[in-house]
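Colleague: For the sequence shown, the working numbering assigns the number 372 to the last residue and increments by one with no breaks.
Don't read these hints as lab results, they were simulated from the structure. Be careful, since some hints might not be right.
To be verified - Restraint ranges, calculated between C-beta atoms of paired labels, are given here:
#1 276 x 1: 24 to 30 Å
#2 10 x 335: 44 to 50 Å
#3 115 x 310: 41 to 47 Å
#4 273 x 354: 26 to 32 Å
#5 262 x 335: 49 to 55 Å
Claimed, not checked - Listed below are the simulated BS3-like cross-link pairs for lysine-lysine, each with C-alpha atoms no more than 27 Å apart in a straight line:
#6 89 x 75
#7 75 x 138
#8 251 x 304
#9 93 x 16
#10 86 x 75
#11 266 x 277
#12 169 x 89
#13 93 x 75
#14 340 x 304
#15 16 x 266
#16 16 x 138
#17 169 x 304
#18 261 x 251
#19 266 x 138
#20 169 x 138
#21 75 x 16
Ideal Cβ placement from N, Cα and C applies to all residues, glycine included.
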Amino acid sequence: MAIVSFRNCSSYEEVKGAVTQAIDDLGGMERFVSPGDSVLIKPNMLGAYSPDRAVTTHPTMVRAVTEMTLDCGGKPTIADSPGIEKFSKVAEKTGIAQVGRILGVPVVPLGESRPVPGKRDDRFRGLELSALALESDKIINLPKLKTHCQMTLTMGVKNLFGTVVAQRKAAWHYRVGLDREDFARLLLEIWATLRPGLTVMDGVVGMEGRGPSNGSPRRFGTVVASDDALAMDLTTAGLMSLDRSVFPLRKAAETAGMVPKDIRIKGDPITEWTFEKIQLPPPDSLRLLPSWMDRFGRELLAAKPEQDRERCLLCGRCVEICPADAITMRERRLVFDYGKCIRCYCCHEMCPADAIRLRQNILLRGLEVLGR
1 MAIVSFRNCS
11 SYEEVKGAVT
21 QAIDDLGGME
31 RFVSPGDSVL
41 IKPNMLGAYS
51 PDRAVTTHPT
61 MVRAVTEMTL
71 DCGGKPTIAD
81 SPGIEKFSKV
91 AEKTGIAQVG
101 RILGVPVVPL
111 GESRPVPGKR
121 DDRFRGLELS
131 ALALESDKII
141 NLPKLKTHCQ
151 MTLTMGVKNL
161 FGTVVAQRKA
171 AWHYRVGLDR
181 EDFARLLLEI
191 WATLRPGLTV
201 MDGVVGMEGR
211 GPSNGSPRRF
221 GTVVASDDAL
231 AMDLTTAGLM
241 SLDRSVFPLR
251 KAAETAGMVP
261 KDIRIKGDPI
271 TEWTFEKIQL
281 PPPDSLRLLP
291 SWMDRFGREL
301 LAAKPEQDRE
311 RCLLCGRCVE
321 ICPADAITMR
331 ERRLVFDYGK
341 CIRCYCCHEM
351 CPADAIRLRQ
361 NILLRGLEVL
371 GR
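With these hints in hand, go ahead and build the complete structure from the sequences.
Modeller: Below is the structure:
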């Protein structure tokens with residue numbers, strides 16, 4: 001039986017108490033960490049964003065869980081693999097490097113990777129994950145509760161995509177193309193391989209709108225802990241009233257027969273306002289059309305990335321991160337080759353200035369107005 005605990009937490013000053021309560025609901029940290037265990041603590045370190053941007057896991061959350069790991073005699077290492085920026089810059093800007101210095105715990109990038117055998121799907125036999133993640137005795141997963149332009153929400157299962165090292169992320173985005181369910185199946189493959197014993201989600205201040213990096217901070221006022229990241233994600237999405245048509249992780253889990261059969265919810269009562277009227281990313285053709293119409297959807301209905309010239313810093317990050325090599329820079333303009341573009345929206349996700357707009361086709365805008 002999977003357990004999911006929701007604990008109220010109105011501010012980051014209250015995090016340690018809320019985290020302790022949530023983990024106690026699961027049986028206490030001693031259930032997950034034994035003396036001498038090497039423990040990978042995996043926060044969301046998407047990029048060099050300050051904690052107030054609500055893009056990355058808040059450092060107080062990382063500190064609380066790391067302290068509890070140390071108290072149990074574990075040997076923690078805090079690590080992640082940001083999309084493109086230098087790890088040291090990301091660690092400093094997010095405040096996580098300071099946590100490591102205070103506690104005397106290494107904060108390092110996930111570097112070396114190695115192939116893993118496909119557990120459930122032969123299509124992912126070429127998958128490589130962080131050697132540190134594969135070799136650690138225990139993994140504690142620390143996601144941030146956010147919306148996501150491709151996956152609708154990013155929580156516990158999606159956070160483990162960070163164990164795909166560096167530019168291999170872009171390669172997998174290219175391989176799964178614009179099929180949301182294929183990408184969700186890849187995420188499930190990674191989760192099934194690593195199976196973190198404990199997941200603690202930062203939902204004190206999360207993100208809504210155009211997440212995972214360019215949305216708006218949203219105070220959910222909760223810390224969520226579970227011994228099953230998939231159960232936590234499906235439960236949280238259910239509390240937001242998201243059905244399988246808009247949350248591809250649920251659809252992929254149902255198809256693969258991976259939906260937990262028994263989930264027990266503990267902790268504080270979830271008030272109606274906690275997830276009320278969350279602003280989701282705008283829909284695109286991937287939610288409106290069957291898979292055999294993907295090519296039509298990409299060309300005519302899927303939102304197209306384009307440059308906001310007033311915001312653009314001309315940093316070239318979008319050019320570098322694009323897995324399809326569909327973006328070039330010419331005379332201070334970004335040029336998009338929409339024939340190559342796979343609509344993964346990595347350019348939007350990694351832009352530090354929110355200078356990549358996702359422009360919807362007029363037909364798609366009409367469908368959205370009609371509620372279709």
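Colleague: With reference to the structure, classify each hint as holding or not holding.
Modeller: Here is what the structure says about each hint:
no., hint, result
1, 276 x 1: 24 to 30 Å, "29 Å, holds"
2, 10 x 335: 44 to 50 Å, "46 Å, holds"
3, 115 x 310: 41 to 47 Å, "45 Å, holds"
4, 273 x 354: 26 to 32 Å, "27 Å, holds"
5, 262 x 335: 49 to 55 Å, "52 Å, holds"
6, 89 x 75, "24 Å, holds"
7, 75 x 138, "10 Å, holds"
8, 251 x 304, "25 Å, holds"
9, 93 x 16, "22 Å, holds"
10, 86 x 75, "25 Å, holds"
11, 266 x 277, "23 Å, holds"
12, 169 x 89, "20 Å, holds"
13, 93 x 75, "24 Å, holds"
14, 340 x 304, "12 Å, holds"
15, 16 x 266, "18 Å, holds"
16, 16 x 138, "21 Å, holds"
17, 169 x 304, "21 Å, holds"
18, 261 x 251, "15 Å, holds"
19, 266 x 138, "23 Å, holds"
20, 169 x 138, "23 Å, holds"
21, 75 x 16, "19 Å, holds"
Checked against the numbered hints given earlier, the structure satisfies every one of them.
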